[in-house]
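K.L.:
So the protein lines, in turn, are chains A, F and W. When the letters of the first sequence are read in order and numbered with my numbering, they come out as residues 3 to 462. When the letters of the second sequence are read in order and numbered with my numbering, they come out as residues 6 to 277. When the letters of the third sequence are read in order and numbered with my numbering, they come out as residues 2 to 422.
Hints may contain errors.
Just the calculated beta-carbon pair ranges, DEER-fashion [what the hints assert, rightly or not]: (1) S64/F / G314/W: 37 to 47 Å; (2) R458/A / L311/W: 54 to 64 Å; (3) T141/F / P341/A: 25 to 35 Å; (4) S64/F / P341/A: 18 to 28 Å; (5) T141/F / K416/W: 50 to 60 Å; (6) I32/W / G142/F: 31 to 41 Å; (7) I405/W / R458/A: 28 to 38 Å; (8) V17/A / L311/W: 24 to 34 Å.
Here are a few chain W residues that sit away from chain A, every Cβ distance over 10 Å (derived from the structure) [claimed, not checked]: (9) A26; (10) N80; (11) T97; (12) R160; (13) F187; (14) A189; (15) P272.
Quick caveat, the hints were computed from the structure, so don't treat them as lab data. Glycine included, each C-beta is placed from N, C-alpha and C at the ideal position.
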Amino acid sequence: MQITVLVLILALLTVIGFQMGRTRAAASVGGRVVELHSVPSYHGFYVALWAGLPALFLFVLWTASEGWLIMQMVLASLPARLTSGDPQALNLLKADILNIAHGISTGRESDPDVVAAAQHYGTLRDIGDWSLLAVGSCLAVVGLAYGHRRIGPDLRARNRVERVVSVALIVCSLVAILTTVGIVLSLLFEALRFFAVVSPLEFLFGTHWSPQMAMRADQVGSSGSFGAIPLFAGTLLITVIAMVVAVPIGLMSAIYMSEYANPAVRTWLKPILEILAGIPTVVYGFFAALTMAPFVRVIGQDLGLDVSSESALSAGIVMGVMIIPFVSSLSDDVINAVPQSLRDGSYGLGATKSETIRQVVVPAALPGIVAAIMLAVSRAIGETMIVTMAAGLTANLTANPLEAVTTVTTQIATLLVGDQEFDSPKTLSAFGLGLVLFLVTLSLNMVALRVVQKYREKYD
Amino acid sequence: MNVQTHIPTSAQAGARSAPAVPNKMVARDVKVFYGAKQALKGINVDIQENKVLALIGPSGCGKSTFLRCLNRMNDTIENCRVEGLIALDGEDVYGKSIDAVQLRARVGMVFQKPNPFPKSIYDNIAYGPRIHGMATGREELDEVVQTSLQRAGLWNEVKDRLREPGTGLSGGQQQRLCIARAIAVSPEVILMDEPCSALDPIATAHIEELIDELRENFTIVIVTHNMQQAARVSQKTAFFHLGDMVECDDTEEIFTNPRDERTQGYITGRYG
Amino acid sequence: MSVTTAKSHYQSEAFARRLRARYAAERNFKIAGIAAIAIASLMLVVLLTSIVSKGYTAFWQAQVRVEVTFDKAQVEERNYAAILRQGLYAQFPQITERSGRRMLNELLSSGAPYELEALVARDPSIVGTTRTVWVRADDEVDQFVKGYFPRTGPEAERRLNDAKIAAVDAMTASGALVQSFNTTLFSAGDSREAEQAGIWGAVVGSLLTLLITMALSVPIGIAAAVYLEEFAPKNKWTDLIEVNINNLAAVPSIIFGLLGLAVFLGFFGLPRSAPVVGGLVMALMTLPVIIISARVALKSVPPSIREAALGIGASPLQTVTHHVLPLAMPGILTGTIIGMARALGETAPLLMIGMVAFIVDVPHGLTDSATVLPVQIYMWADSPERAFTERTSAAIMILLGFLILMNGLAVFLRKKFERRW
Numbered sequence: 003m004q005i006t007v008l009v010l011i012l013a014l015l016t017v018i019g020f021q022m023g024r025t026r027a028a029a030s031v032g033g034r035v036v037e038l039h040s041v042p043s044y045h046g047f048y049v050a051l052w053a054g055l056p057a058l059f060l061f062v063l064w065t066a067s068e069g070w071l072i073m074q075m076v077l078a079s080l081p082a083r084l085t086s087g088d089p090q091a092l093n094l095l096k097a098d099i100l101n102i103a104h105g106i107s108t109g110r111e112s113d114p115d116v117v118a119a120a121q122h123y124g125t126l127r128d129i130g131d132w133s134l135l136a137v138g139s140c141l142a143v144v145g146l147a148y149g150h151r152r153i154g155p156d157l158r159a160r161n162r163v164e165r166v167v168s169v170a171l172i173v174c175s176l177v178a179i180l181t182t183v184g185i186v187l188s189l190l191f192e193a194l195r196f197f198a199v200v201s202p203l204e205f206l207f208g209t210h211w212s213p214q215m216a217m218r219a220d221q222v223g224s225s226g227s228f229g230a231i232p233l234f235a236g237t238l239l240i241t242v243i244a245m246v247v248a249v250p251i252g253l254m255s256a257i258y259m260s261e262y263a264n265p266a267v268r269t270w271l272k273p274i275l276e277i278l279a280g281i282p283t284v285v286y287g288f289f290a291a292l293t294m295a296p297f298v299r300v301i302g303q304d305l306g307l308d309v310s311s312e313s314a315l316s317a318g319i320v321m322g323v324m325i326i327p328f329v330s331s332l333s334d335d336v337i338n339a340v341p342q343s344l345r346d347g348s349y350g351l352g353a354t355k356s357e358t359i360r361q362v363v364v365p366a367a368l369p370g371i372v373a374a375i376m377l378a379v380s381r382a383i384g385e386t387m388i389v390t391m392a393a394g395l396t397a398n399l400t401a402n403p404l405e406a407v408t409t410v411t412t413q414i415a416t417l418l419v420g421d422q423e424f425d426s427p428k429t430l431s432a433f434g435l436g437l438v439l440f441l442v443t444l445s446l447n448m449v450a451l452r453v454v455q456k457y458r459e460k461y462d
Numbered sequence: 006m007n008v009q010t011h012i013p014t015s016a017q018a019g020a021r022s023a024p025a026v027p028n029k030m031v032a033r034d035v036k037v038f039y040g041a042k043q044a045l046k047g048i049n050v051d052i053q054e055n056k057v058l059a060l061i062g063p064s065g066c067g068k069s070t071f072l073r074c075l076n077r078m079n080d081t082i083e084n085c086r087v088e089g090l091i092a093l094d095g096e097d098v099y100g101k102s103i104d105a106v107q108l109r110a111r112v113g114m115v116f117q118k119p120n121p122f123p124k125s126i127y128d129n130i131a132y133g134p135r136i137h138g139m140a141t142g143r144e145e146l147d148e149v150v151q152t153s154l155q156r157a158g159l160w161n162e163v164k165d166r167l168r169e170p171g172t173g174l175s176g177g178q179q180q181r182l183c184i185a186r187a188i189a190v191s192p193e194v195i196l197m198d199e200p201c202s203a204l205d206p207i208a209t210a211h212i213e214e215l216i217d218e219l220r221e222n223f224t225i226v227i228v229t230h231n232m233q234q235a236a237r238v239s240q241k242t243a244f245f246h247l248g249d250m251v252e253c254d255d256t257e258e259i260f261t262n263p264r265d266e267r268t269q270g271y272i273t274g275r276y277g
Numbered sequence: 002m003s004v005t006t007a008k009s010h011y012q013s014e015a016f017a018r019r020l021r022a023r024y025a026a027e028r029n030f031k032i033a034g035i036a037a038i039a040i041a042s043l044m045l046v047v048l049l050t051s052i053v054s055k056g057y058t059a060f061w062q063a064q065v066r067v068e069v070t071f072d073k074a075q076v077e078e079r080n081y082a083a084i085l086r087q088g089l090y091a092q093f094p095q096i097t098e099r100s101g102r103r104m105l106n107e108l109l110s111s112g113a114p115y116e117l118e119a120l121v122a123r124d125p126s127i128v129g130t131t132r133t134v135w136v137r138a139d140d141e142v143d144q145f146v147k148g149y150f151p152r153t154g155p156e157a158e159r160r161l162n163d164a165k166i167a168a169v170d171a172m173t174a175s176g177a178l179v180q181s182f183n184t185t186l187f188s189a190g191d192s193r194e195a196e197q198a199g200i201w202g203a204v205v206g207s208l209l210t211l212l213i214t215m216a217l218s219v220p221i222g223i224a225a226a227v228y229l230e231e232f233a234p235k236n237k238w239t240d241l242i243e244v245n246i247n248n249l250a251a252v253p254s255i256i257f258g259l260l261g262l263a264v265f266l267g268f269f270g271l272p273r274s275a276p277v278v279g280g281l282v283m284a285l286m287t288l289p290v291i292i293i294s295a296r297v298a299l300k301s302v303p304p305s306i307r308e309a310a311l312g313i314g315a316s317p318l319q320t321v322t323h324h325v326l327p328l329a330m331p332g333i334l335t336g337t338i339i340g341m342a343r344a345l346g347e348t349a350p351l352l353m354i355g356m357v358a359f360i361v362d363v364p365h366g367l368t369d370s371a372t373v374l375p376v377q378i379y380m381w382a383d384s385p386e387r388a389f390t391e392r393t394s395a396a397i398m399i400l401l402g403f404l405i406l407m408n409g410l411a412v413f414l415r416k417k418f419e420r421r422w
């Protein structure tokens, strides 16, 4: 509530600041605006920035630190018997306080002290929000007054404003970098905690995966094994099946569309592939689990084969279908980048269209096509919903596509869905898997994007 | 189908120089349309065996379009329509008895920009003979590659690096590679679409010499922007203007004594 | 090989034979291309028909007509179940034994008493009167009426026993059991009972999440694109940012979920299951998409426009805001809508940050616990009841409807404002 009010006040003050700045600038030269260094509206923006920016900084700083600060204060006020436990118990306590404060049931009878702490937390938060509102509004008014006073014919308002804007632009483009840094740090940090419990060698080369740990804390490490090879193998199996479906169909579609289909046909065919590309993965997952899996099973039974109801085959086929448009649109791009002069050269020697495509166009586009396939593989490895819904959870180490296998992404999803303790090796192992997934897809993407770029440069 | 007897002698070509040499190809009243736009308005040209015919004219006059009709390269362009008669050795090239693939093997083409395939030098040359099944064994293919490169004057420069990619050669070498590639399928006619426009003067001189040598075995039609080049390499010249063929005659005649004032204007540099 | 032999080669019978074979290969290759497209199209058709055929019945729901007397005492006790029961039993006077009456109770949704309560709340004057009301039937009855459960075969293997089937048939014959438009599906939140479950909660959750995503990723994305395309010096740093953005666009979405879990929940202590966190994660995920498409749009504005503006004395920033950005806007907008459509359909990262919880209430704010449409689909897909399969398919149809709308808008904008320079 208070935050909404603050945002409204800030918005109002910046608008007022803009108007005041503009008016004062014009008045300072008696309406002869040509005598100003910058046009009046820049003076307006100047004042508006003074009104809005400092308060905004305060707001961001406050929101980022408020939760932590208040929690420290609450914890300090709690009896020692509650706060003296190990870090894990402390985290649990914090979560309980937050949940009660937010009115979410913790599902069990709460300690009255904890309930009191939650109330304390709520009160402090309220006080904090009100003071933020007060301080923020004051800051905005002060900023506005300061900016307003500085307005004059010689103020280089345009340069100042543009300076601020360009800094803002740079900050925005750094968000992408920050995201990557955030991904790397969070994966690395949590994965290291996991590797403190489970040796990386066991994780990378162990062949037995069963992350279920004993419930009691004193048994940590006594059960549960984290050999991820079955997951890697399962991921690989499903990816291979997906590629067997997607590469020939996607590539041939791209070839047909770019080399054979006339523009009228193309305008009809392109949307079909675009629709396939736009269908959410959860829909593919549902289709794989409820339509493809029974279908594959029936076909298998007709052939006298024993097909698991969560076979790698059905998940792989549907994932392949999902990736067809990906392969075809990337290949379409690279095939179109092959210069017409090469085709002409081949036709000029009396080659047929298919000879030209197979012996000249495709070899010329090969680096790009390979890169497209690499990107598609990276996509298949990272795809979560289809495998979560249609592939199993059993960590089988098998190459038989008719059996159920599990994948890295499925495990990450199941390990982290539902109630979880943040510190158990079971939960942390998801970050270990995430780190491997990130590194593998990142290297595939890096190489592929480089190859595509080199390829484009070659024919540009 | 032999249509030689139906072909009337070209009024312009026959007027001043009697056809002492047989016609390899003839074009009669050739009209080309791109959609609704007419690019050629009825062209009549005789292409004599073992001579070089140069097609000159300002840009957009239809020279290249006409050239691409001769081996039906225009087939690959959508909504392009060709009317009239084009015959190779008296056979209608748009008729049933000649297939486009077969025609293009017999009427080869060299393009404006060198366009070697992204393959080795050897495979570039061997590509045509392979698809047409012209060489039965490895040795025969080696021989075709060698003779083609020799005829294109490239053999000595590349004989030690036949396995290296053709795209690694210099521009002039690439264009000679493309000529060698065209020769390798033993065409009867070679069409050249401004083959020197992307090359430097020394490479151009090389290609011009080569064209003169090739005349012994092939009939050559060359489109050029460069009138000196036309004068140097060709025996016959045809001047195109706005989709019409204005004049076609011995090269000497065209350059010293043009009959049409448009030709005169063009070769003296009044427009171009 | 001399010229004459070559000519004879091309006119030889061997060459003609070879030519026929080459044309056959040509034909086969073309057929392979058509087959590839046909398979892709077939898959699309199969997928869509399988979903529509499974889901279209979910838009109807069996309703039961009951004559109920809103007895004052019972209303005060809020014993609506009893009111309903009495009305129902009155329709079947011949059924008196306990097991039969229990069977009758099972015909109605367990949420039916709440419908009566809602009626009273809306119009208290009905207390003490006898009214004809329509309440939802149980999902098993609903599925039976729609023909998904067999009426023959061994009774033990059937979902509905003979007595129940007889009761359903009797009510259908007397017009007391009909199918009507399923408003619950569009107005309710999630529920364990299929006939009471709706997607409204998920739709609101999706909208709130998308709101945050849009509010963050669009301005930041456009600003970043403007900087990189218009102002950034060409050096190692901008190269790094560029490579970084391209790679980020290809990072698996679940990784963003892990980021959200570790940073937003773990480090900043934001609430689980909240649209604000979902929106933050989605914003980071769609940011690269928006930056890339905005850069393409900016790139397509010809340099002459910039030169003209700079030439009359505009500052670089004025040039961009007054001239370049407005011209690139349609392209940016198209890219943004496509990015938002992708965010709307995304599931995996939201599982990580707890938006997969079972939430009955429709969320009212950015920090309320909420779920989103694709996650709702994921959860319903896991439910074994036949009625949930049907509703999952219906929810998918609605999700696809939203996506078609958004993409259609993008296509419309592209067509309308497309400009070739």
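K.L.:
Hints the structure violates: just list their numbers, smallest first.
P.N.:
2, 9 and 15
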